[in-house]
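In case it helps, the numbering used here puts the sequence shown at residues 1461 to 1677.
In short, the hints are calculated from the structure, not lab data.
Treat the hints with care, as some may be off.
Stated by the list, open to error - In the DSSO-like style, the derived pairs of lysine-lysine whose C-alpha atoms are separated by at most 30 Å in a straight line are:
| hint | residue 1 | residue 2 |
| --- | --- | --- |
| 1 | Lys1513 | Lys1481 |
| 2 | Lys1531 | Lys1552 |
| 3 | Lys1535 | Lys1552 |
| 4 | Lys1513 | Lys1535 |
| 5 | Lys1535 | Lys1578 |
| 6 | Lys1513 | Lys1552 |
| 7 | Lys1513 | Lys1531 |
As the list claims (entries may be wrong) - Each pair of labels, with its calculated beta carbon distance range:
| hint | residue 1 | residue 2 | range |
| --- | --- | --- | --- |
| 8 | Pro1553 | Ala1582 | 34 to 40 Å |
| 9 | Glu1577 | Ser1644 | 36 to 42 Å |
| 10 | Ser1642 | Lys1581 | 21 to 27 Å |
| 11 | Asp1533 | Ala1622 | 27 to 33 Å |
| 12 | Asp1649 | Glu1577 | 41 to 47 Å |
| 13 | Glu1675 | Arg1603 | 37 to 43 Å |
| 14 | Thr1575 | Lys1535 | 30 to 36 Å |
| 15 | Glu1577 | Leu1619 | 21 to 27 Å |
| 16 | Leu1516 | Asp1620 | 24 to 30 Å |
| 17 | Leu1534 | Phe1485 | 31 to 37 Å |
From the three backbone atoms N, C-alpha and C, an ideal C-beta is built for every residue, glycine too.
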Amino acid sequence: MCGRFIEPELIGTDQEHSETKIDPFPGQPVIIPPRGLRRYNVAPTQDILILGKSPLVAMTARWWLVPSWHKGDLKDWRATTFNARIEEAQHKPTFRGVWRHGRCLIPAGGYYEWTGEKGQKAPYAVLSNSNENTLWFAGLASRWDELLTCTIMTRAANLDVADIHHRMPVILNLDERELWLSDSDQVQDLGSDVRLQHHQVRSFGVRDDGPELIEPF
């Protein structure tokens, strides 16, 4: 699963136009809305950056998907929907309605996973082990009332992270990003070949933030 992640390191500022951009595809930079300091401890229910499709555009969404058909208040939605299993989502009532038209990309600089005995779990930072520092999570976005919400897709862990958890986010390579943003249902195997590295970090609280959170412990 993925319950905490690190914001991506954006490519910087175009000094001429004062714009910050991110590159999900070569030669196709997407302008990012103004943002604060980079966050290293992003949690469910917080606003995060997503890239919606058709056309590819940067948006802000609440990380905890609420389906459009939910009739109560926001606080009444109690299902745990900040993650969705890619093997099952298209058949689940919560995600079925956005399975195709709600697909999005969620850029990240890494994520955290906890492992160990109950009550003694230690956090690990999981980062890219390839030439591309940004991890591109597969996501689904749903508009409920006037609020855009989203979830991060998960899959069975590959060998790089299976020793710390049996699940992982669906992390897309370049070709897989195009496939995910299409209407294809042949997506269950996406993210299997991503190369990752991980190391233990110091325990931290929900209010902690900063680059020191990913320093090896």
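We went through each hint and held it up to the structure:
1. Lys1513 x Lys1481: At roughly 16 Å apart (the allowed maximum being 30 Å), lysine 1481 and lysine 1513 satisfy the hint.
2. Lys1531 x Lys1552: holds, 18 Å
3. Lys1535 x Lys1552: holds, 21 Å
4. Lys1513 x Lys1535: Holds. Lysine 1513 to lysine 1535 sits at ~28 Å (cutoff 30 Å).
5. Lys1535 x Lys1578: The hint holds at about 29 Å.
6. Lys1513 x Lys1552: holds, 22 Å
7. Lys1513 x Lys1531: Answer holds: lysine 1513 to lysine 1531 is near 26 Å, not above 30 Å.
8. Pro1553 x Ala1582: 34 to 40 Å: Check passed, 36 Å falls within 34 to 40 Å.
9. Glu1577 x Ser1644: 36 to 42 Å: holds, 41 Å
10. Ser1642 x Lys1581: 21 to 27 Å: violated, 38 Å
11. Asp1533 x Ala1622: 27 to 33 Å: violated, 39 Å
12. Asp1649 x Glu1577: 41 to 47 Å: violated, 32 Å
13. Glu1675 x Arg1603: 37 to 43 Å: holds, 38 Å
14. Thr1575 x Lys1535: 30 to 36 Å: Given about 32 Å between the Cβ atoms, the range holds.
15. Glu1577 x Leu1619: 21 to 27 Å: holds, 23 Å
16. Leu1516 x Asp1620: 24 to 30 Å: holds, 28 Å
17. Leu1534 x Phe1485: 31 to 37 Å: holds, 34 Å
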